Amino acid sequence: MIRWLFAHFSGCVVAVQAVEAAAAGGDLRILEYFLDNESALQETQEGTETNDCNQVQWGGSDMAVAVEEGHADVARWLFDHKGDVERAWGRFMVAVVRGGDLELLQWVLHRGYAAHQLAPPTMDDAAWGGHLDMLQWLYHHGYVHHASFALEYAARNGYLEIVEWLVRYHPVGNASRALDAAARENRLHVVRWLLEHNLGRGAKSGMHQAAIRGYLEVARYLHEQGFNGLASVSCGTMLRAAGRGFLDVVKWLNDSFACEPLSYLYRDLRPYSLTLLADEPSTAIDAAAKGGHLEILEYLQQVDERMANEGFKEGRPTDTHDAMDGAAAGNHLEVVKWLNAHRSGGCTTAAMDGAAINGHLQMVQWLHEHRVEGCTAAAMDGAARNGHLDVVKWLHEHRSEGCTTAAMDGAAGSGAFDVLQWLHLNRTEGCSTEAMNNAACAGLLKIVQWLHHNRREGCTTKAMDAAASGGHFEVLLFLRSQRMGGCTSDAAFEAQRKKHEHILAWLNEHYPDAPAPQRRVRIRHLA
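Counted the way mature numbering (1 follows the signal peptide of the UniProt record, and there is no 0) counts, the sequence shown spans residues -18 to -1, 1 to 509.
Treat the hints with care, as some may be off.
Have a look at the derived ranges for each label pair, beta carbon to beta carbon [unchecked claim]:
| hint | residue 1 | residue 2 | range |
| --- | --- | --- | --- |
| 1 | Ala323 | His406 | 16 to 26 Å |
| 2 | Ser463 | Pro497 | 14 to 24 Å |
| 3 | Leu10 | Gly453 | 48 to 58 Å |
| 4 | Asp62 | His484 | 33 to 43 Å |
| 5 | Ala323 | Glu456 | 54 to 64 Å |
| 6 | Arg174 | Leu10 | 40 to 50 Å |
| 7 | Gly208 | Gly52 | 39 to 49 Å |
| 8 | Gly72 | His406 | 15 to 25 Å |
| 9 | Asn436 | Gly72 | 50 to 60 Å |
| 10 | Gln403 | Gln478 | 30 to 40 Å |
| 11 | Glu456 | His406 | 31 to 41 Å |
| 12 | Glu379 | Gln431 | 22 to 32 Å |
| 13 | Glu277 | His122 | 49 to 59 Å |
Quick caveat, the hints were computed from the structure, so don't treat them as lab data.
Given the structure is predicted, the values throughout are model-derived calculations rather than measurements.
Where is the CB? At the ideal position from N, CA and C, for every residue including glycine.
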């Protein structure tokens, strides 16, 4: 195919992506063909330049992907024949060093790589890849200026031999950070070695990071070595361990820290956290419920009852309405039933809304029968958007909250044609121009046509702009044929940015004077 294109067309442009694909595949023959058939700009008889020639866009990540895919010979060839073009030298050098190809490294350095002041090889990358021979060579040849993370990287990836060498010959890294990294990645042998050599005692997050990932042996070992208290574990540790279903860790945390006066292992995290997102659970019970971990809920209930019997008024496991809301959205019906029977946190309309949006009809029906909170119009809107026709029908027949125009708008944009048609026939809310806008954006020509023939809302310039951006030429042709919407200059801009050249040419022909889109003024800084 490539030979045919070059033979039958002048002015072929081989994009850098094609060069990268050939390099990644190790296809040296294609690269040689590109080079052999590449030609410089030709001059006409009048002395002007013409682009009637073949061009190859060398560079980009061609050498990097060749090394990453194990084709060092291709990287050498590219360096020899096109070593002077601009490319991702940093990524290339990282691939060479992390891949441990010392022979290739020495080869490119000997060929004048360093003289061009390109990205240097680093001890950090050698340590990351676990290549002691590479690390030692760099050290002995003076490449020691980028080694501050070498110890951390080696510890993180479990390369104890490199950790030992760095500590002995080039101890510039942060041992506490290294211990935290090793604990986070379950590298117990590295954690042991560091502590046995009195290194990393200042580590702050290792036990927490190990615990929330289920690495109980590492967490327990750190505790035995004297890491404890609020600096090591917190209510956030218990929350995440419970949310991820690590019952053994939850039990260990409770047995080791729950009775410590300053541990606050079960308190609600939300008032104390600046990073907790609005939809994230804030207590251990909430997190376990959202994850569907019934055995953890049962254990925490036992803890709560035992602490209550022992006279504890504070510091006991607690829950909020987020527990049932999250469990319902995740379709954990047995958890919802258990919470309803054993806890008092209740739920909000978010429970049925979430269940409906995610298509969990049985959950919606149970909440309808056993709870009084109900739902909002967001339930049917979301169910429609996600194509859950059975849920939409049930809500229509059994609930009174109804929906908004967002239901049809969302169904149109997601391609839920059956839901769209059902809403059209059975509901009165209708849709807005966003329905056709959304369908055009997604390239859903049949839905765009159906809306045009069955609804009166039409669309805005957003429809054609979005279709152009997405490369949906058939949608553009239909919209123009019906004289609908028009477009703004965004259409051509996005078509050019995304390299839809045929669409760009068509837009320039039919909409040369498209107006600039109206934009909102965004205030980013106050004087």
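Hint-by-hint comparison with the structure:
| no. | hint | result |
| --- | --- | --- |
| 1 | Ala323 with His406: 16 to 26 Å | violated, 42 Å |
| 2 | Ser463 with Pro497: 14 to 24 Å | holds, 21 Å |
| 3 | Leu10 with Gly453: 48 to 58 Å | violated, 33 Å |
| 4 | Asp62 with His484: 33 to 43 Å | holds, 37 Å |
| 5 | Ala323 with Glu456: 54 to 64 Å | holds, 55 Å |
| 6 | Arg174 with Leu10: 40 to 50 Å | holds, 47 Å |
| 7 | Gly208 with Gly52: 39 to 49 Å | holds, 46 Å |
| 8 | Gly72 with His406: 15 to 25 Å | violated, 55 Å |
| 9 | Asn436 with Gly72: 50 to 60 Å | holds, 55 Å |
| 10 | Gln403 with Gln478: 30 to 40 Å | holds, 37 Å |
| 11 | Glu456 with His406: 31 to 41 Å | violated, 23 Å |
| 12 | Glu379 with Gln431: 22 to 32 Å | holds, 30 Å |
| 13 | Glu277 with His122: 49 to 59 Å | holds, 55 Å |
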